[in-house]
Amino acid sequence: MTATVPAAPRVIYQRPARLTDVSTRYCPGCGHGIIHRLVAEVLEDLGVDGRTIAVAPVGCSVFAYEYLGYDWCEAPHGRAPAVATGIRRVRPDAFVLTYQGDGDLAAIGTGEIVHAAARGELITAIFVNNGIYGMTGGQMAPTTLVGQRTTSSPTGRDVRAAGYPVPMTEMLAVLPGVAFAARGSIADPSAIGKTKAYIRKACEAQIRGEGFAVVEVLSNCPVGWGMTAQESIRYLQDVVVQTYPLGVLADRRAGAQSGAARPGTPPGTARHAENRPAGQEA
Amino acid sequence: MTTVPPPVEDPSFSLAGTREPPRRVLMKGNEAIAEAAIQAGCDAYFGYPITPQAELLEWMAKRMPEEGRAFVQAESELGAINMALGAGAAGARVLVSSSGPGVSLMAEAMSYMAGSEVPMVLINVMRGGPGLGSIGPSQSDYFQAVKGHGHGDYRVPVLAPSSLGEAMEMVATAFELAEHYRTPVIILADGIMGQAMEPVEQHYRTPPRQTASWALTGADGREPRVVRSLHLAPEELEEHNAHLQEKFRAIAEHEVRWAGERLDDADLVIVAYGTAARVARTAIARARAAGLRVGLFRPISLWPFPSAELAGVADRTRGLLVVELSAGQMVEDVRLAVAGKVPVAFEGRTGGMVPSPDEVVEALRELDATGSSRRARRVRRRPPIPVSGADHMHPHEPMAEPETGHDALSIFGDDAWMPHWYTVPVPTHPTRNGRGRGHGRNGSAERRRGDEGGTR
Amino acid sequence: MERSIVFAGFGGQGILFAGHVLAEAAMNAGAEVIWIPSYGPEMRGGTASCTVIVGDEPIGSPIVDHPDVAVVFNPPSLAKFGPMVAPGGVLIVNDSLVEAPSGRDDLDEIRVRCTPLAREAGDDRLINVVALGALVARTGIVPPDRIREALHAIVGKKRPEALVVDLRAFDLGMAAVASGTGQLTDRPAVEESATPV
Chain D
1393 MTATVPAAPR VIYQRPARLT DVSTRYCPGC GHGIIHRLVA EVLEDLGVDG RTIAVAPVGC
1453 SVFAYEYLGY DWCEAPHGRA PAVATGIRRV RPDAFVLTYQ GDGDLAAIGT GEIVHAAARG
1513 ELITAIFVNN GIYGMTGGQM APTTLVGQRT TSSPTGRDVR AAGYPVPMTE MLAVLPGVAF
1573 AARGSIADPS AIGKTKAYIR KACEAQIRGE GFAVVEVLSN CPVGWGMTAQ ESIRYLQDVV
1633 VQTYPLGVLA DRRAGAQSGA ARPGTPPGTA RHAENRPAGQ EA
Chain B
4 MTTVPPPVED PSFSLAGTRE PPRRVLMKGN EAIAEAAIQA GCDAYFGYPI TPQAELLEWM
64 AKRMPEEGRA FVQAESELGA INMALGAGAA GARVLVSSSG PGVSLMAEAM SYMAGSEVPM
124 VLINVMRGGP GLGSIGPSQS DYFQAVKGHG HGDYRVPVLA PSSLGEAMEM VATAFELAEH
184 YRTPVIILAD GIMGQAMEPV EQHYRTPPRQ TASWALTGAD GREPRVVRSL HLAPEELEEH
244 NAHLQEKFRA IAEHEVRWAG ERLDDADLVI VAYGTAARVA RTAIARARAA GLRVGLFRPI
304 SLWPFPSAEL AGVADRTRGL LVVELSAGQM VEDVRLAVAG KVPVAFEGRT GGMVPSPDEV
364 VEALRELDAT GSSRRARRVR RRPPIPVSGA DHMHPHEPMA EPETGHDALS IFGDDAWMPH
424 WYTVPVPTHP TRNGRGRGHG RNGSAERRRG DEGGTR
Chain G
2 MERSIVFAGF GGQGILFAGH VLAEAAMNAG AEVIWIPSYG PEMRGGTASC TVIVGDEPIG
62 SPIVDHPDVA VVFNPPSLAK FGPMVAPGGV LIVNDSLVEA PSGRDDLDEI RVRCTPLARE
122 AGDDRLINVV ALGALVARTG IVPPDRIREA LHAIVGKKRP EALVVDLRAF DLGMAAVASG
182 TGQLTDRPAV EESATPV
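First to last, the protein sequences are chains D, B and G.
Residue 1674, in my numbering, is where the first sequence stops; the numbers in between run on with no holes.
Residue 459, in my numbering, is where the second sequence stops; the numbers in between run on with no holes.
Residue 198, in my numbering, is where the third sequence stops; the numbers in between run on with no holes.
If we strip away everything but chain D, and leave its shape as in the complex, we get:
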């Protein structure tokens, strides 16, 4: 009789340290939880948890500070990239992240995101696009698909009145200050894996001082879309990606073919050692 020695247990999944163990306020089937986990995993992998300062938007993810255990600053609706700019310029050693929805980033906050990107600000924007204003009850967003019904486009988005969906990430991708721009999705495990890789590259771009980075993550809103969770995932896979194709939209990181955006810390940033702002531990 041969005793079989059990193999050492191998961890194939565990909760990232900074993903807090609380129930979220998100609706059943919502994609935010997956995206939160991806962010937490990447930041942990990159070892920047302890120097991350994140900026929360206004929208469903306004409570992100309850779910991800970093230092957080709340921003007025749409202003997260400006708030992040202020943080990054006075704490050049911090890792600065904005987490924004499509109403926040693509509507009310277009000015802030465009100019943070144009300056090549060393921040990383996680842009969750579910095509709708979820928190306020499912109204039409700039990203809502043509014909899509919402509570403020009850007969479907009519281009004659409401125009066309705004491809924010393509627009940002043309700016030379953008080191990395990509669009992923949370529709299936394969897409989630790719999205995580995009988020990682976007975070590395900041760490290496290569410029602004944005990852748009197509997500679902079963409640706002009036679908079951499964239906919403299929809609994401079959319909939404027709308007918003997945993939890398710009890669100007060092070593990438299209050339680096603007390496290094910009002038107009507080010098760390000599001019450390207050705020250290008591």
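Hints in this document: simulated from the structure, not taken from any laboratory.
Here the structure is a predicted model, which means the values were calculated and not measured.
Please note that a few of the clues may not be correct.
As the list claims (entries may be wrong) - Quick list of in silico lysine-lysine cross-link-like pairs, BS3-like style, CA-CA up to 25 Å:
1) G/K158 - B/K65
2) B/K65 - G/K159
3) B/K250 - B/K150
4) B/K150 - B/K344
Unchecked claim - To spell it out: a stretch of chain G is covered by chain B in this simulated footprint if at least three of its residues, at any positions, have a beta carbon under 8 Å from a beta carbon of chain B; those stretches are:
5) 53-62
6) 93-99
Glycine included, every Cβ here is placed at the ideal spot set by N, Cα and C.
Since chain D is already given, all that's left is putting chains B and G on it; use the hints.
Here is chains B and G on its own, set in the frame of chain D:
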């Protein structure tokens, strides 16, 4: 080679060498304030170009990177103020500057900063409004600063310098207040203060840093921190509001600032701040030369307003005259403070116009003669608007006739091709004597000139 | 005592500069002073003016209703400021560009041929410095050496070659008044009595 003869000695002009000159430099207001902020330890400045404060931005653009500090010319005032929010939340000493139209855009973040208790100093170099208005000097943003900007139940300290030297010192004080009370602080300057050059003694003060145990630094080995104004549960938000109100009460108790001049024997007192107080100072000298005993009460903190102090001064006087570069804003706080104990008259100009010392003297004479507040709400060169409770409007009085020229001084007139610094002076106060004799515009205008002795 | 001087002319005539030099000189002479420019779009538009108030106590009102002196470089400035000068005050006119007289008989009106003098100094454009010389020669508001020091401080550091010409223009302006029109008039003290209270 030209031989230069000695200059004519005209004793009426000889001022030179009247005293030992201190070590001073001539600086433009905006630049001196900016440098004072740098010397006060400002870590970060965010701005957007707007007249009449653009030189402040320009100075910072040059000097902040030299000093290894943060500077961003933002895409808008929205961008600038939110960068300030972020930098302030990260524990930095932050300055933002703008003028009325830009400050309006900043209202949103002011509310957020008050709610989330982020320190920051905002300088408003006021210009004429409403809307795009003019770029002339003004004090028309008193309400905005003292009563308003963003939504919600909150207050922020508002300081009003009246000279460049005071403004420079005030920047340091504002940083101290902001950090001590964890609040935005507003400094209300105006176009003249920003644009004029005056000699300044370069005495700077750097307030000590306070430990900010709330500031965002990255949660490394400690509990995460959140800087937020969101408290979704009503009970929780009410508790937060109670905390804020407690703070505001403390500020109101400890941070009242004002200055008095020549109050000891004053029968009448001018209440004015900022540039209006300087005009008042000249007017007081002229009025005293003419036998009126007039003093100056100058609020320095507009919120908290020196109400009790003003009430105490008012007790010893026969009347107050409020002088503003506005249609009458601070005058409301003055009336609240004195609660009807003495008459409160008002003299103001709007749109970038500045009351002349003579106008102020005239208003003092009227207050002295009548002790009334007949002039209380009148804004020159506008049709009278009936105001409830104002006794100076006769219901059948014709509309105030437009004047043929300005009766005071304009930086920006209506004739764009002319230098606008001055306009032609004509006798003032078209409607003061108008009651009971409004016989047509030209006639009354001519008679008015005759009455007051022609061109001064 | 306070004395107020207005400089006015076309943009590009060095209006703000002339006031700046006077303000710097007054400060270094130990006086209180304030310099207020016209600002904003008109700076770039075509007209410019500035006011300098000099006093032996902190300056009160930064706005003057009746300047003691106006230095005008073009016809619109004469039309605008000529009537405003306090009775008994001084009006210095750039005779090279302003033909009409002010029509005031209660002023000391000094006409200076600024352009030829500036040319003689070595730079046509220095009419502002010529006029400044005339102002100082007529009023003695600051010692001439204070103006020369101010020119050193403001011009000399950046453009030493220009300083020589500036100093020459200033001297020519002073000489023009001393040799010609700078007749003193009896003038009342302006400070308190000009205002019929």
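Broken hints, numbered, in rising order?
Result: hint 6 breaks, nothing else.
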